[in-house]
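**Q** Given two chains presented individually in distinct reference frames, assemble the corresponding complex, making use of the accompanying hints.
Here the protein sequences come in this chain order: S and R. The first sequence runs 1 to 177 under this note's numbering. The second sequence runs 1001 to 1624 under this note's numbering.
Simulated from the structure, these hints should not be mistaken for lab results. Errors might be hidden in some of the hints.
As the list claims (entries may be wrong) - DSS-like, lysine-lysine: derived pairs with alpha carbons at most 27 Å apart:
1) 1153/R - 97/S
2) 1007/R - 33/S
3) 1317/R - 156/S
4) 1289/R - 164/S
5) 33/S - 1022/R
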Amino acid sequence: MSRNDQVWIKRNYENCSGCRRCEIACALYHEGKIWPEASRIRVFMLVPGVEIPHLCFQCDDYPCVEACPTEALSVNSQTRAVNVDASKCTACGLCIKACPGNVPHLHPEGNYIVICDLCDGKPKCVKACQEGRWNTLMPVPREKEVSYKTLAKTPKELTHEVAKQILGEETAKEVID
Amino acid sequence: MRGYAGKFLEIDLSNRNIKETKFPDEVLRDYIGGRGLATKVLWDRLGREWETVDPLGPENILLVLTGPFTGYFPGTKVCVSGKSPQSNGVIGSTVAGEFGIDLKCAGYDGLIITGKAEKPCYVFICDNQVEIKDASPIWGKKARETLRFLVRKSIEEIKDARPNYGEVKEPSILYIGPAGENKTRVAAVVAKYAHGAGYGGYGGVMGAKNLKAIVAKGFGPVPDVYDKEKTLSLAKGFSELNFEMERFRRWGTGGGGYFFGAETSSEPIRNWQNEWHNKESYKGEEFDKYWVKKNWGDFGCPTTCLKLAVLKTGRFKGAICDNPDYELEAYLGTNLGIFTPEENIYLSYVSNELGLCGIQGGAVLGLAAELYEKEILTKEDLDGIEPEWANVEAFTTLAEKVAFRQGIGDILAEGVYRAALKLGEMKGVDLLKYAVHEKGVAIGAHGVRSGKDFIAKNIAYACSVQGGDHTSTASLPLDQGSGELSTIMADSAVFCVFAAFGIEDIKMFNFYEAVTGWKLTKKEWYNEKALRILHLQRAMLLLGGPDVKWKPKADDDNPPRFWEPLPSGPYKGKTLDRKMFEESRLEYFRAAGWNENGVPKPETLRRLGLEDVEAKLKEVSLIK
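Chain R on its own, in the form it takes in the complex (with noise of 0.2 Å):
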């Protein structure tokens, strides 16, 4: 077995129980690892009663898995999951860092957490020593000062352990602030200071779990590969293609904030009420500003397409974050009105600290916002609190709430669908109209009104297994290379996808046999593999449970605010048109195997090899 360290730990939180575990190579080949690994693993293990799993509960399963191409693709990053406390499915949500490297370099190509622990622990990983620590000291800390303890604390433990070793670098970790502490459904899996797994909500199961953080530290090798010399040609193939994209370099995705505006009417502006803006402010020379550090990638990046932003001076001083993507320059700006880049770096910062994921909670925050606006919720409702758009101090206050559930921050806690739904109950109106959510997880900052947004079409949401998330979107045909299935490999293989801009779909295949010696065509991928991980999910989605059920087809659409014309900008008065919208949807049900309702057909099942899920289908009435 090549690319794999070959085994992974399993933690029991609550019996203190650690060890390792190891899966058939054919696991290994079929599901690879990361989020389709994930996915497998949480079917075998939960999908019997799946409907019963309460995410926030300590049946839930914590996975935090690496990848074969971990440490070989340039860049890298870990993928978290478990059942969804947003979706209540499946999301295999990824962050970068070097918390996958040092995991594989201590011998282990990944952790199944159960459990909960009866007191705030964190866990703590040198090679083969693996410990489960006392979180006290750092619970209730935020962002910076849990880091500060963490690094210190273990690398006087691990010179403790190699005397005479010299300077002994720090570890990665991976922790949660309040936000994931207090169980809200909008909290990150956070490493280093701002680069989290938001999707999912895996923070707060973290928190469920009492478990504060993963520590890792690894003074192994990365696993030897199948064909060494290919490998690294193959890579450093990838490497000059992202020397060369002098624009993603320099500005990342936040060279976005204007043009998806401006340009494309596509980023969401005070809650999605307006998708264009012709703010100049939003620019990438306006953040420039504020970097100090124009370059910030984590092992073996060449494109570094983050920097490090640190407001100097005025009445933020002291700020500091991974410079906004785009995706926060929307969802901590625009979305809340906010239109200078020093306040954007600022909510991003206090986001940060918090543990908050900044999409799903930027968009809770736009949410009440609304409400506020509308004047469904009071100064009175919102705890004195008068979240105007752009009013800086008042999201900070909101979102110090929503981190600690404190007040109507214990309902905004819920992310924008649940939190909708509880608000509406309590005024007695629907407020779900004003929820831009898929499926219990809030849309990325790509809007399909327009039509011109390059990853959001039509269909993008309604019908991806991972619901609102803009890195997994749903597209025809299926075997293209942005679509879902497509990212299916990235997050299973395990690697970052802007490290793969412009790499045509065959040098990955050739990368993966290189790497694990085992062949993969195009075909079998798309035809079989990603579409059995696929299947895993979206039967996962459709059980859901216990708070929350999606119904296939009637949820698998776009949020009521996705078929409101735009209001202004160059596509004003354009949405979508809801006929072709069905015809995609029906198109793409087909093409995945699924019915006309969009639940999977019993011979696409059986073809794939899941007869257990037909079964199960077949219990919950889903298939007849």
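Isolated chain S (complex conformation) (with noise of 0.2 Å):
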């Protein structure tokens, strides 16, 4: 896999619908169960209406790498996504605190952190938000010239952008603060 073929995940915040359907194809897929909590992609919706699908969003540097001292995380050399080794996973938190976009979170149940895989590079909630046809997740290739990590952000400040495109600056100001 090149580089050109190695996907991205584009998401166009304001075209979410809130439906939740990549929630559940990722917990069909990497749990076996509809288990939203354990989802690699959850949809925040801090304010009602301004939904969030929230996911790695693989900064170049990958700080959650570095910061992980059990070395559990690794890049794919394939796919560049985040795997995560959970026999070796200590649920220390420190990926959570290096990730400019807060994303990793522990699997509800087990001691250990989830990111999104990518699947192997066939993203499985990008096939449910295409069949929608909501065009909120769109798998787009990697490129060079793009800095991801300057995409990532916490649903908290995703939510405050995105609020303000959709719903104006004052009223924005006055649901959330």
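**A** Structure below.
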């Protein structure tokens, strides 16, 4: 897989319907169950109508992998996704702190971190989103010129940004702050 | 047991006692969940003294129940029930949102809430951590503020309980606005901004219990099903059907504003004085100018028929609401003489903020406006408000009065039927002819007079055990896919009927079996189980009380307005044929196993194993 074949999941937050079919698809693939909290993509709805699908941004320098003291995290050389070795993870939470978007989260029952692994290059969440023609999640080739790290933001930060876009600045302020 | 978490939470607000409750498999097999199970619980616990139970008293039971389809059927709802302050019977009232999913993921199939808290409270559920918390900071607060407070506070608390978890997603919340707090009978139980369980008046029941909100967060999976592959494959098929419904996906029911008015003459105009309009301004295209989200759906929804509308400019700037669906287009629009989408959106927003049911609240505003138009109510009677048709500001002020039960609002807060009774007494005239309701429940925005509406036919409301509820209408034959017994399935297994368009009955029963592992034939459902639930609802509706009782047959009738000929439009002059109506009604009674007066026959009750219902109906002389 050359860099141009590598997929990056582009998100158009304003389009997200909040249907969570991405969460369902992800959890079914990774856990064999419908399990929203175990999904590697989680749709935050801190304000009704402002839904934020939140998943790994795949920064070029992978601060989460850097921060991991037990080498539980690694970068998949094929897909560039972060792979988690659950057996090595101690759930210390350092990867979450290192992540500019606070993306990794603990598995709700197991004591290890979960991060989007791009389903080996064919992300199920994207398929579910495309199937419904919501066009929130779009697979795009991973490009050299883009700094993915600058896109990485926390659900709160993203909610503020998107709320301003879709509700208008004043109204957004009123419903959030 | 598959498809169920297997346990329910029972919360007594009076003594702050919280425990887990289980129901035997047989009960779940017979009553499924949601509306069916609510009916069973209410009958078992309150049936003996039903006539004395005050729906707005601490003795009422509030039920919030999921069903086995929750999480698996595309889209999701949760069913709210109890003794209804509108009909004094039982209504299964469903609301969309993720609440049912969070509750299931927390490990519960439902909530049974009894008693009354000493002070305003809310219930907080995070997996097996269940607490009754202080709601004084949000008591009196409207929707936005209530949500903002609860989301923020709950996330902090969940973070404390799960350090190192990472970002915590918001919980799901059901809450009431001032309309519920003040025990109005027109208050909804609300989710998000404007998803509401409005029929029934259960917002008022929550208020009467001093219960501002229920917050749920679950970290577990949705319960396992019996045959996962089959369940998922059927669900995939259902979704595919929905994906193809372009029109419905685009407009949702909100595409109906112009259609039902102009084409079928079945949309309420100015308190149902008319049902026809040809205002092009009320087309879907006009509404979508205000959408900021063209698709808005809840967990698993393939249709996303809701849209989010925001007014970004103009005099109503800042209003946010679920873009009015057809019902709100009608009841907070045409029925008040309002024909501009912008004003309709604004009034919907006002109604949401107050926690009013758009239908029941809108209906009572329409009644007040007609009485004002007819000079039966004066400006003085209305605390200086002049609710002329289309006067958005006047309706806004009046809605506030209703929600806070101030002045005239205190009477209007009783809903169209009781308000018409009280105002009639005050004025010494019969005002019931202006109250468009069925057994205390304002009728959904589908009139029966033209005969062209796809839901509302002659006996639709008159024979329904949910009164004016347009989602649960009576029709013949009993076993047709759109009739009341079919709705009992939707409200009990708990799924969204809008995600079930075009799906044959048989697939629903197959889905039920794939989820639960329990076989259920169409015959068994329509001839036995659904009928049993219907009978319990009918019995409690007829027992009624304490303030209002319905007479079988006499009250199984359409409201007077529906017997007035339509004054305009392509169906001008048309109304129901009395003789045909009575024939249909008699046929319906017979089909349901009721006598010619609409009272369940002892032999039917016995066949359904409802001997205790028979005994109770004998005790009150409904059965000789």
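**Q** Each hint needs a verdict: does it hold in this structure or not?
**A** Tested hints:
no. : hint           : in the structure
1   : 1153/R - 97/S  : 22 Å, holds
2   : 1007/R - 33/S  : 20 Å, holds
3   : 1317/R - 156/S : 24 Å, holds
4   : 1289/R - 164/S : 18 Å, holds
5   : 33/S - 1022/R  : 24 Å, holds
Every hint, counting from the list given before, is met by this structure.
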